[in-house]
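Novice: These are the residues of each chain, in order.
2 protein chains.
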Amino acid sequence: MKRTLNKETNELADKQVKIAGWVQTIRAHGKIVFFDLRDRSGILQVVFIPGSPAYEEMKKIKPEWVVEITGKINKRPDKMVNEKIETGTVELEAKEIKVLAESDPIPFDYTEKDLQVSLPTLFDQRPLTVRNEKIKAIFKLGDVVLDSFRKTLKTMDFTEFQSPNIVPTVAEGGAEIFKIDYYKYKAYLSQSPQLYKQIMLGAFERVFTIAHVFRAEPSVTTRHLSEYVSLDAELAFIESWEDIMDVCEKVINNMVQDVQRNCKKELELYEAKEPEVGTIPRIKMREAQEIIFKRTNRDHRKESDLDPEDEKEISKWALEEHKSDFIFITHYPTKKRPFYTYPDPKDKDYTLSFDLLFRGLEIVTGGQRINDYKQLTDNIKKWGNDLNNFSFYLQTFKYGLPPEGGFAMGSERIVKQYLGLANLREATPFPRDMERIDQSLSITKKKKK
Amino acid sequence: MKRTLNKETNELADKQVKIAGWVQTIRAHGKIVFFDLRDRSGILQVVFIPGSPAYEEMKKIKPEWVVEITGKINKRPDKMVNEKIETGTVELEAKEIKVLAESDPIPFDYTEKDLQVSLPTLFDQRPLTVRNEKIKAIFKLGDVVLDSFRKTLKTMDFTEFQSPNIVPTVAEGGAEIFKIDYYKYKAYLSQSPQLYKQIMLGAFERVFTIAHVFRAEPSVTTRHLSEYVSLDAELAFIESWEDIMDVCEKVINNMVQDVQRNCKKELELYEAKEPEVGTIPRIKMREAQEIIFKRTNRDHRKESDLDPEDEKEISKWALEEHKSDFIFITHYPTKKRPFYTYPDPKDKDYTLSFDLLFRGLEIVTGGQRINDYKQLTDNIKKWGNDLNNFSFYLQTFKYGLPPEGGFAMGSERIVKQYLGLANLREATPFPRDMERIDQSLSITKKKKK
Numbered sequence: 000m001k002r003t004l005n006k007e008t009n010e011l012a013d014k015q016v017k018i019a020g021w022v023q024t025i026r027a028h029g030k031i032v033f034f035d036l037r038d039r040s041g042i043l044q045v046v047f048i049p050g051s052p053a054y055e056e057m058k059k060i061k062p063e064w065v066v067e068i069t070g071k072i073n074k075r076p077d078k079m080v081n082e083k084i085e086t087g088t089v090e091l092e093a094k095e096i097k098v099l100a101e102s103d104p105i106p107f108d109y110t111e112k113d114l115q116v117s118l119p120t121l122f123d124q125r126p127l128t129v130r131n132e133k134i135k136a137i138f139k140l141g142d143v144v145l146d147s148f149r150k151t152l153k154t155m156d157f158t159e160f161q162s163p164n165i166v167p168t169v170a171e172g173g174a175e176i177f178k179i180d181y182y183k184y185k186a187y188l189s190q191s192p193q194l195y196k197q198i199m200l201g202a203f204e205r206v207f208t209i210a211h212v213f214r215a216e217p218s219v220t221t222r223h224l225s226e227y228v229s230l231d232a233e234l235a236f237i238e239s240w241e242d243i244m245d246v247c248e249k250v251i252n253n254m255v256q257d258v259q260r261n262c263k264k265e266l267e268l269y270e271a272k273e274p275e276v277g278t279i280p281r282i283k284m285r286e287a288q289e290i291i292f293k294r295t296n297r298d299h300r301k302e303s304d305l306d307p308e309d310e311k312e313i314s315k316w317a318l319e320e321h322k323s324d325f326i327f328i329t330h331y332p333t334k335k336r337p338f339y340t341y342p343d344p345k346d347k348d349y350t351l352s353f354d355l356l357f358r359g360l361e362i363v364t365g366g367q368r369i370n371d372y373k374q375l376t377d378n379i380k381k382w383g384n385d386l387n388n389f390s391f392y393l394q395t396f397k398y399g400l401p402p403e404g405g406f407a408m409g410s411e412r413i414v415k416q417y418l419g420l421a422n423l424r425e426a427t428p429f430p431r432d433m434e435r436i437d438q439s440l441s442i443t444k445k446k447k448k
Numbered sequence: 000m001k002r003t004l005n006k007e008t009n010e011l012a013d014k015q016v017k018i019a020g021w022v023q024t025i026r027a028h029g030k031i032v033f034f035d036l037r038d039r040s041g042i043l044q045v046v047f048i049p050g051s052p053a054y055e056e057m058k059k060i061k062p063e064w065v066v067e068i069t070g071k072i073n074k075r076p077d078k079m080v081n082e083k084i085e086t087g088t089v090e091l092e093a094k095e096i097k098v099l100a101e102s103d104p105i106p107f108d109y110t111e112k113d114l115q116v117s118l119p120t121l122f123d124q125r126p127l128t129v130r131n132e133k134i135k136a137i138f139k140l141g142d143v144v145l146d147s148f149r150k151t152l153k154t155m156d157f158t159e160f161q162s163p164n165i166v167p168t169v170a171e172g173g174a175e176i177f178k179i180d181y182y183k184y185k186a187y188l189s190q191s192p193q194l195y196k197q198i199m200l201g202a203f204e205r206v207f208t209i210a211h212v213f214r215a216e217p218s219v220t221t222r223h224l225s226e227y228v229s230l231d232a233e234l235a236f237i238e239s240w241e242d243i244m245d246v247c248e249k250v251i252n253n254m255v256q257d258v259q260r261n262c263k264k265e266l267e268l269y270e271a272k273e274p275e276v277g278t279i280p281r282i283k284m285r286e287a288q289e290i291i292f293k294r295t296n297r298d299h300r301k302e303s304d305l306d307p308e309d310e311k312e313i314s315k316w317a318l319e320e321h322k323s324d325f326i327f328i329t330h331y332p333t334k335k336r337p338f339y340t341y342p343d344p345k346d347k348d349y350t351l352s353f354d355l356l357f358r359g360l361e362i363v364t365g366g367q368r369i370n371d372y373k374q375l376t377d378n379i380k381k382w383g384n385d386l387n388n389f390s391f392y393l394q395t396f397k398y399g400l401p402p403e404g405g406f407a408m409g410s411e412r413i414v415k416q417y418l419g420l421a422n423l424r425e426a427t428p429f430p431r432d433m434e435r436i437d438q439s440l441s442i443t444k445k446k447k448k
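Residue numbers (numbering that gives the first Met the number 0), protein chains in the order written: chain A, 0 to 448; chain B, 0 to 448.
Be aware that a few hints might be false.
The list treats identical chains as interchangeable, and a pair is accepted whether it falls inside one copy or across any two copies.
Said to hold, decoys possible - No farther apart than 27 Å at their CA atoms in a straight line, the calculated lysine-lysine pairs in the DSSO-like style are these:
#, residue 1, residue 2
1, Lys185, Lys445
2, Lys59, Lys335
3, Lys264, Lys178
4, Lys345, Lys1
5, Lys61, Lys373
6, Lys380, Lys335
7, Lys322, Lys178
8, Lys6, Lys293
9, Lys322, Lys444
10, Lys380, Lys347
11, Lys447, Lys380
12, Lys380, Lys446
13, Lys1, Lys139
14, Lys59, Lys373
15, Lys150, Lys133
Honestly, the hints are just simulated from the structure, not real lab data.
Generate the whole structure from the sequences, applying the supplied hints.
Specialist: Next up, the structure:
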């Protein structure tokens, strides 16, 4: 298979080689022509000297064509290397060139550091915009975040499983669910792997899954996607619900380390600061509201949740007072949480649950779950659900499940906050929302009926 | 957090400890009572001696209850250790016991080596059957298979990405697709991450994804699932389409090594033989049909595909003649493959495509893809598709994509063949088919309308 342009050619000075890549830029200095040739490893400069067989052939080639070139690797003059041109310490003197694929003229210059395109264009033309270095960096970071999550939990003896996307029922209530025509029946797209995590817990005690989850969000915000990737973990035999936050904190600390180690170049492109992390402060929602009130005079002390402004304010406080870009908010009201959330034995209006905020945005939600069969069935009814819809799931509790809990991280939200992206859609290569699947729906699709 | 029962207690002889687990079995020898207590690490024997505070409390406890016990760790007599009782070299002498969760009487003995339940019961009661050691082994193997796939490709500089499940159009033709109500529009569940792999290739050159894919199979066979997990890889700048098989062969060889190393106990439970693998034979479909004809007198030489019997026969041949449990079948007819498959330049009725068979079952399908824009658009039309449905995808080729190809592995099929399971449904914790989502649909759901 082909050599990479940047890493493998540096050792080949004076050798004849065959290489291949995309033509990124074409420059002429008098009669001599230079190509910057690109592949996943970076850039190699190619020189075309009049008289070589490649020279005439080269003239028809345009940016983004894919070519194969044979020639000789030459060391580049020291001066140019010192200028830190990112094209390496060698260049290729082209002898022969062969076209592997042609390209239409590109509609905008995707090689600029900052793409000058609107958000709709960014997504409509994703096959081209994804080739931009700064855009690629987003998805490299996403890859590292997922990998780090898995790695940390594997070292803690968690087992990975695959949670299904097709589900028989609306498990957590709410209208924001997509319906599927499933043979002769109606089925739904999963809103969360929660119930399946708990089932698997009965066998494996500690499980995680990377699951696509689906929310029929009826509005377009900068914080929501109709399909996103949830990093979901669950562990049994907790001795305190704080055990769950401990595991979450460990995952976050390792993630920051892994990203800093593996995404140096990517972080630089965004001038992204290393997050402040360590022991993450844990405060109750009511305490957070009190702090916000004192700082801003905004009185949300009776509200049953933090709004986006509150989340930003309490994150600012955490950074100022605890030098932490992360903060756990705990004890959300019982009525705002799903039926399986464990009520605080000291005050049953509140739950042993938490959110983790990262630079002002909720990126994790978790908590202890009810593991007692009777308490759980009572709650399912109290939340207005039909017990029959839960007969499969409830077997888990009928046959003994230890005290347990878990959490779910929104992978795109982590990436968004890390790089300071303005819109959550930018953090996924193929965003889905009420106006878009790949391209804008209003342009590509007719409405039903 | 709690100590594991098997690994961590062995070092604690004569110490007072607190442990917790599921009560797996209860045995009495005269007045002394033994519990086998289970957690993810294995079994610890607990002894209840008359007169201890735990003794009276213990009497109400039944199998599958979850308990926390404090007591003293004692070394077990040598004789018992020598009998290789899997309950370790120590036991716990119970002082106090606390119930963490109760259990209904279990409807069948899930602790037997081979579960004596029908297939419908196996799935209907998955929350209980998944606790059986031999069933758990299946999903442990699945975890290792996925991990190995990722690990091999990462070392080869592949980038992981997440392919969307909601897609705007029927990409590869065919009626076997699930429809979604997507806001005011119709959308579909993805049948393959193929198009998205190719888009990402333009940026990353080598990509993979672990994708849930969906097929509305209108019949129930032992070889199909309505939702399964596809291990999908794609690489650019191939110099020959055989490069793709080389990568696939590497993935398979590493996978066998990783499974043999990490799943010793699991393989023993199934008496699963280590697969014969190394250089995997590669033969054309027409040659395979010729060999089958010679061996069995079954003349399928004019058929455009191998049927399940053919796949078994040619796999037998590969094992006998090449000492290989795997065989690549290549050059499937053009009309049987999707529009993007690269035709063999030497004979355009056949394609540069392959299947990989493992012990008689197709587990991988792959091949070179058409990377020329005009050739691809011609083919989309020739296959009866509307070009407008592919405008997003086609940008990839409009702006230059190198020669490339890839493959997709059915993760459940690998597990099924490895362990010799009779039915593909057994290889996934939550099988979906036309008769089942979690539980049997005919029992749990009303038909539409």
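Novice: If a hint holds in the structure, say so; if it doesn't, say that too.
Specialist: How the hints compare with the structure:
1. Lys185 - Lys445: Both: 23 Å inside a chain and 9 Å across chains, each within 27 Å.
2. Lys59 - Lys335: neither (64 Å within a copy, 38 Å between copies)
3. Lys264 - Lys178: Neither: 42 Å inside a chain and 42 Å across chains, both beyond 27 Å.
4. Lys345 - Lys1: between (65 Å within a copy, 24 Å between copies)
5. Lys61 - Lys373: between (70 Å within a copy, 18 Å between copies)
6. Lys380 - Lys335: within (16 Å within a copy, 52 Å between copies)
7. Lys322 - Lys178: Intra 45 Å, inter 49 Å, cutoff 27 Å: neither.
8. Lys6 - Lys293: So Lys6 and Lys293 fail the 27 Å test inside a copy (56 Å) and across (51 Å) alike.
9. Lys322 - Lys444: Intra 49 Å, inter 53 Å, cutoff 27 Å: neither.
10. Lys380 - Lys347: within (17 Å within a copy, 63 Å between copies)
11. Lys447 - Lys380: between (35 Å within a copy, 25 Å between copies)
12. Lys380 - Lys446: between (37 Å within a copy, 24 Å between copies)
13. Lys1 - Lys139: within (22 Å within a copy, 36 Å between copies)
14. Lys59 - Lys373: Close across copies (19 Å), not inside one copy (76 Å); limit 27 Å.
15. Lys150 - Lys133: both (26 Å within a copy, 26 Å between copies)
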